[in-house]
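Note that the protein sequences, when read in sequence, are chains A and B.
Residue numbers for the first sequence, in the working numbering: 2 to 417.
Residue numbers for the second sequence, in the working numbering: 2 to 417.
Treat each hint with caution, since some may be false.
A pair counts as met if it fits within one copy or between any two copies, since identical chains are not told apart.
Taking lysine-lysine and the DSBU-like style, the derived pairs with C-alpha atoms no more than 35 Å apart in a straight line are [claimed, not checked]:
#	residue 1	residue 2
1	K404	K74
2	K322	K125
3	K32	K146
4	K207	K32
5	K396	K411
6	K52	K98
7	K106	K396
8	K411	K173
9	K172	K396
10	K143	K345
11	K410	K322
Derived from the structure by calculation, the hints contain no laboratory data.
Protein chains: 2
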Amino acid sequence: MQAEIITIGDEILIGQIVDTNSAFIGKELNKIGVSVYQITSIQDDAAHILKAIAEAEANADIIILTGGLGPTKDDITKHTITEYFNDSLIQNDDVLKHIEYLFAKYISTPISDVNRQQALVPSKATVLTNRFGTAPGMLIEKDEKVFVSLPGVPYEMRSLIQYEVVPYIQKKYNRPHIIHKTLMTYGLGESAIAQRIEVFEDGLPKEIKLAYLPNLGKVRLRLSAKSFDKERIESEINRLSNELIAYVEDIFVGFEDESSMEALIGDLLVKENSTLAVAESCTGGNISKMISSIPGASKYFVGSVVSYSEQVKINELDVPKELILEHTVVSAEVARSMALGIQKRYNVEYAIGVTGNAGPTKDKTDASVGQVFIAIAYPGGVLEENFNFGQPREKVIQRASVKALELLKKSILKKS
Amino acid sequence: MQAEIITIGDEILIGQIVDTNSAFIGKELNKIGVSVYQITSIQDDAAHILKAIAEAEANADIIILTGGLGPTKDDITKHTITEYFNDSLIQNDDVLKHIEYLFAKYISTPISDVNRQQALVPSKATVLTNRFGTAPGMLIEKDEKVFVSLPGVPYEMRSLIQYEVVPYIQKKYNRPHIIHKTLMTYGLGESAIAQRIEVFEDGLPKEIKLAYLPNLGKVRLRLSAKSFDKERIESEINRLSNELIAYVEDIFVGFEDESSMEALIGDLLVKENSTLAVAESCTGGNISKMISSIPGASKYFVGSVVSYSEQVKINELDVPKELILEHTVVSAEVARSMALGIQKRYNVEYAIGVTGNAGPTKDKTDASVGQVFIAIAYPGGVLEENFNFGQPREKVIQRASVKALELLKKSILKKS
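Extracted from the complex, chain A is given alone in its bound form:
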């Protein structure tokens, strides 16, 4: 069971956008036992699309294309697929109705002929309903292979994969199980780890693959296996990951999570019926944005203050002015005071306080660019750490946000 993903669009090849669609599709397919053999990104060019589909057909059982289904002239995927299958376009009435519905409900401009033409699909195709957009997904079977064409807009594509494509594959194919288990380690380089676990690695059974994924101070160790006997490989992977942990116990920090850190924190807070507030400075709202991206976040997320100015820190977070004068605004003391200030004021169990300098320039404080202080106020006390995330600005904001959530998680687990 192999799949190939073809993402179509000049904007990918000129680097105007990063293709995030294929990673999503790869992950979803892996969950249901389908390996991705190759991802190919190509131009909005009929000859190139035809060539890529033919090559993918030679390698894979499932071929998934994204992109090029819009209503404008640069969108040529649908016509090219129709050509590939020697097919012709016919109008699908359900799709037309759906397009008319979307226009009536959400779009202020009148519906036009080009919009209606999105209801034309190859006669051999099964339509996959796109609940969030006007371009339908299309699925064409040929012998034992299946070709799927999806819009490139990420949230439209994601919904089609989850609610249409995955159930279809699950029904049609007998699939093996793919299991990945990823150990996260912190503090040792990949070659030092490799040396340490050499005996373990050399002794691994053929069907188990080990990969090293180094990234900025952490190395992730991924064990992967694929088999029709789910129970056997599951217990095999669990046995081996326990064996591996024994080798790296001092640097092991946990398993990579299936769900995001934000979702995990949400689950933990809901479970213990606690609430959360955030006092941000250099992260500028990014932590709040991450927390509130989870559906149902309003159950535990009360709100936050982005205190970009000192005055807001003083007035809205009750940070004493003398504290700022004594320690400067980028300091452990101010981070702590921000966390405790909002914890009290917003009447929550948990509160994050973050202050730092995201750069690019040094500001009036003495803090170097990249310096960030994070404090977590929790029912049992305050957890504090400070970091230097270097440059650029965007990286400082991102890493500080992730670290803050990591520390929050730690403090929730510590408490319970």
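Once you've looked at the hints, dock chain B against the given chain A.
Just chain B now, kept in the frame of chain A:
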């Protein structure tokens, strides 16, 4: 002049990471007149790597590989390239010295044989110095083609592209000029734009390509051209983009890269020496995050309140409780009161107030999923609008944020 990019690593195909390297490389190559024909992501598998290199050699002049150069056993790119060129590995003394230097300076564990083996390179390769890591870049010429192998760690790869690969290509090849100019528009769908500019699009010279890039409320229109006559296509693209602007004047907000909406607003606020605060609800911090992503935002951005709970709206934004009871929390009245509340409290000229229901469920209010009210308090009054952004949650948050910034810009321009 065509290039192909091959990114190597199982972690890409199983969706454990998003490949951001190819977008970076694509962009850098475009700047120096090299088009990327295709991006291919493949597994850490020798046969697959050999096949991908051979296919790329048939299509492109420049083949750039990233990934698989680490010191551990799952890294096989270097050996596979050596095999592809019927070459053998020899030790490069400069690389060895550099590795020893990095270990002495930054790494606590002692240097080992696997680390030293990173100094082995194919005898036919020119070494590209990796200033930030132990794996060297390698460049092999074959007839008129060139093969480059780079580590997959993004900041190592980026530095090698900028300081080694780009200068090499500039020196070796006579290249055309590639020009992209992207107009950003807000507020009209791509098909409505297409209809409006049909005459313009049909009249475009053959060498100019027009692409539509829709994304959550904005549509980018990209004009692209490639030619050895730089001056001619530059003036042609400028002429055509001015012509295009005339068609979309009411929805045109600027050129991409020049500056985003956030940056534009920043410029306007700095110019009139005004300050800004934000009261967010359903957008959960996203508007603040966008505003604060601009370096120097602290000059005008004072801070914000994310009021996820009613209590925070009442206590921290001075929204009267009766107002909420009378109109519900998702209403024009509450959005206005939030904006005016934070404007006064944070003592700013401009304030955004946003309340809505991002979904996925209906909440206790009567507001349907996707319903959002936006108010902008400015020195001359309050600007208000309401929207239904549909689903899913992520789209509602994004579009509401973009709309809020758009209205803010409008109110700044209106005032001045």
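Hint by hint, work out which the structure violates, then give me just those numbers in ascending order.
-> Violated hints (numbers, rising): 2, 8 and 10; every other hint is consistent with the structure.
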